[in-house]
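Under this note's numbering, the first residue of the sequence shown is numbered 90, with each subsequent residue one higher.
To be clear, the hints were calculated from the coordinates, so they are not data collected in a lab.
For glycine and all other residues, C-beta sits at the position ideal for the given N, C-alpha and C.
There is no bait here: all hints are sound.
Pairwise CB distance ranges (calculated):
id	residue 1	residue 2	range
1	152	125	27 to 33 Å
2	103	144	19 to 25 Å
3	160	93	16 to 22 Å
4	163	140	15 to 21 Å
5	141	111	17 to 23 Å
6	147	92	25 to 31 Å
7	163	119	15 to 21 Å
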Amino acid sequence: DRDLIDIWVRRLIVDAQDHDRAGMVGDLATIGVIRKRLSSANGGQFENEVAAMQQVIHSGDSDQILEHVIRLHLKLSR
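Construct all of the structure, not just a fragment, from the sequences and the given hints.
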């Protein structure tokens, strides 16, 4: 499952670089589902992160979106 998350985070980064907002929202939803399966204890914190990310995707500029994606990737890597 961790490898699966890594694959989807990489897709999220590619979508962020391509400015594909719809793709990023879908990637985030998929990562959230996988993450919940991995650890329900982290679910709440991760859901907040996903919600914040979705807000940035809808309103932020590309650099801001990429910054959030990288931060999310670092959190998931721990």
